Amino acid sequence: MIWIDTVIQGVLLGGLYALFASGLSLVFGIMRLVNLAHGDLIVMGAYLILVLVTLLGLSPFVAVLIAMPMMFAVGWLLQKFLLNRTLGDDILPPLLVTFGLSIALQNALLEGFSADSQRLPTNALTTASVDVGPITLGVMPLLTFGSAVLVIVALNQLFYRTELGRAFRATSDDATTASLMGIKPGNIFATATGIALVIVTIAALYLGLRANFDPNIGPARLIYAFEAVIIGGLGSLWGTLLGGIIIGVAQTVGAAINPEWQILAGHVAFLAVLLIRPRGLFPRVND
Amino acid sequence: MALLQTTNLTANYGDFQALFGVDIALNEAETVAIIGANGAGKTTLMRSIAGVLRNTPEAVSFDGRPIGTTPADEIMAQGVAMVPEGRKLFPSLSVEENLLIGTYGRKTSGHWNLTTIYELFPILGERRNNPGTALSGGQQQMVAIGRALMSNPRVLLCDEISLGLAPVVIKDIYKAVPKIKEAGASLIVVEQDIAQAMAVADRVYCMMEGRVTLSGTPDSLSRDDIHKAYFGAGH
Amino acid sequence: MAYTVTTQTRASRITTALGAVLIVVLFALPFFAGRGTIQDMFFILTMLVLAQFWNLLAGYGGLVSIGQQAFVGMGAYALFGGVILWGLDPVPAILLAGAAALVIAVPTAFFAFRLNGAYFAIGTWVIAEVFRLLVAQWKTLGGGTGTSLPRDATRDMWFVELIKEALDVRSAAARDILAYWLALVLALVTIGGIYWLLRTRRGLALAAVRDNTEAAKSVGVDAGRMKWIVFLTSAFGTGLAGGLIYMQKARISPDAAFSVTDWTAYVIFIVVIGGIGTIEGPIIGVLVFFLLQSLLADFGSWYLLTLGVLAIAIMLVAPRGLWGLLSERTGLHLFPIRRRLIGGRLTSSEE
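Protein chains in written order, with this note's numbering: chain V, 1 to 287; chain C, 1001 to 1235; chain E, 2001 to 2351.
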């Protein structure tokens, strides 16, 4: 029974990792850009929510609604005025610029908020749990997982049911031809990164509600997100969710055996998938 | 004054100069054909007009406005649409989505919409939900033309729309040209197929090695003139 | 008139002469410089070695790794293991450090080469994390908290007694001088070796692979093999540097030895600021980096913030770095790799 519980906790934890990963997956899918500052942007989102909670006395769930448009703007501007200038055939500029951004962002947060760990205020709801048969599930992990599923459903709807989604796919296929159709690829990319940062903000909410955070934890979140994306197969959002679940389950099972093995077990699961299916579980056909 | 005009247009790819001072003009309700061998600079000319390649502002003008440095998407929004060489359908999009992308971000009024495109090319209506790239070459070309028409352009640039297609398919596609003119568009048609170009065009420009070597109405040009302009003297 | 193909430039001949003088001065440095200077120079030289090898990987090989700390850390731990468990002398154990890095580079490459471009970068990082977590489980070497080199091992280290007597210094200073000389040799061999590699047929093939993998394949360059050679060479050299750095520190912990900031972020900044894809770049970069560190280190996170922003700015404004700017303006090449045709007259058949 304890094992079933461990696995279920792992699946729910996978929801958090899928939230970390969806934004990364979205941006990569559209412009083949890997943003090495992704993890630090998640942490920045958590601090933004914290500031709104502290200054305005809001509940984190309300604060996140204010933070979302702000983070969209950050993403839009970041892509439009910085990252778009790095796109091209050479892989070095985007990598090195986002790496520089990651270091700069981490240290800006350190300067602004110190290295002390913080947590978003919890209430009765966030610490509550429900019993399903013999298993007790936290409301918070359930909410996280539900949000991850919702985000992925919403992104799929956006991609396949809207005009913007068509433009995303067309620009991803061929940016030059898309511009002949009246699409501004630069703005499409900016919008995509804006949306990615909205998802980042949702991820940040759960990050901050579930555990302590400090300015240095960004890179580890980037790594989990990256592992989920690769396991799932580049560009497949449901694959990303499955990837997150695999990392989550590996971590909780690893931790159940020996607490020191939690993180290691996640990485080992990732390497195992890389060994068996180098292109992930659901690779995109035309890549 | 011409609807669309290039003035002393030049273009370079790095150190390689592809166009040397090209002057062409397209009048309202006219169809102009540009013929020439491979590497004559026809596609470069089209890409320069469409804004894929940047120029000096005055090198290209449309409706009296300089557009030589205007980005491709804005040129499209002003009413110049292009059917690119090689069709360039979006593989992630279905036939219908490929058509709809032609109206991205704006409402256009005019003759062309999904219904009229499907009337023009009925086969596309039957295959509307297929991925664009699952179609035959001729059908893909129809999608590419339909996609450009969806914005109801005043000028339609057609780059090598017969390339790689069987003669009977080419005939089918060129049947659409009178209907496109009737709906109010002026056309620039780039062709290697001289006979086809002569049949649809009001005027013809012939290009060789990045320069316009001959121009005139189809009846005024002799086979010999065209041969010389196409391949150069001495052939 | 005859043609000659040469890579020499007038600047490179002057460099050779000046370089020889500089090398003599550097070797003689401990005879007239204080201990602080020697320690600073040790830091500069070891960072330079790391930067040269990262530059070989990323600048020449197109393999952007964020996992170089795996080789620093593994090399350092191999040195500690050799000394503590097998009773080796720390100096020869440096070779063990290189060998250990080489050994773990094989599975690392096996996994990481399955990933392309940016994903290769994060892949190497994940693997470095795996090694850090594994080493933290190694209880005999202190687990997560780390350990120190035994006092008698550092006291009786090769050459220390000799240096003590020759220079009349205390044994701690003698150890620093020894480490400095080893770092100097390592740096010179690294620069010389990379320069040699880039001028061989292999090196030209490397440039071809970086510029266009497909095209390189079509002219018969085995891109896969070049990637392996470059990756393993870099791992070996990085491991040697790691061993040497921690021999001098004499104290190790997994978090420090596998630090992505210290051993990869700094190194990337050095190369980017100096100029990626050149041998001169990392040299300039490490000097600028040292200067910035001396000026800004007291400001803590402001320092790293500045480095990050500087790297972004350089990548956008001058992607070839400071050396790129300089050599563009002046045409200066200290380590010329490009073959130039001199003498004769270029004529084309149509003239």
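No lab work stands behind these hints: they were computed from the structure.
Be a bit skeptical, because a hint or two may be false.
[What the hints assert, rightly or not] Restricting the straight-line Cα-Cα distance to at most 25 Å, the calculated cross-link-like pairs of lysine to any residue (SDA-like) are: (1) E:K2139 <-> E:S2253; (2) E:K2139 <-> V:A255; (3) V:K80 <-> V:L242; (4) C:K1107 <-> V:D173; (5) E:K2139 <-> V:I263; (6) C:K1107 <-> V:L158; (7) E:K2139 <-> V:L158; (8) C:K1107 <-> V:I263; (9) V:K80 <-> E:K2139; (10) C:K1107 <-> V:D174; (11) C:K1107 <-> V:T176; (12) E:K2139 <-> V:N258; (13) V:K80 <-> E:Y2119.
Fair warning: this is a prediction, and the values are worked out from it, not measured in the lab.
Of all the hints given earlier, name the ones this structure violates by number, lowest first.
3, 7, 8 and 9
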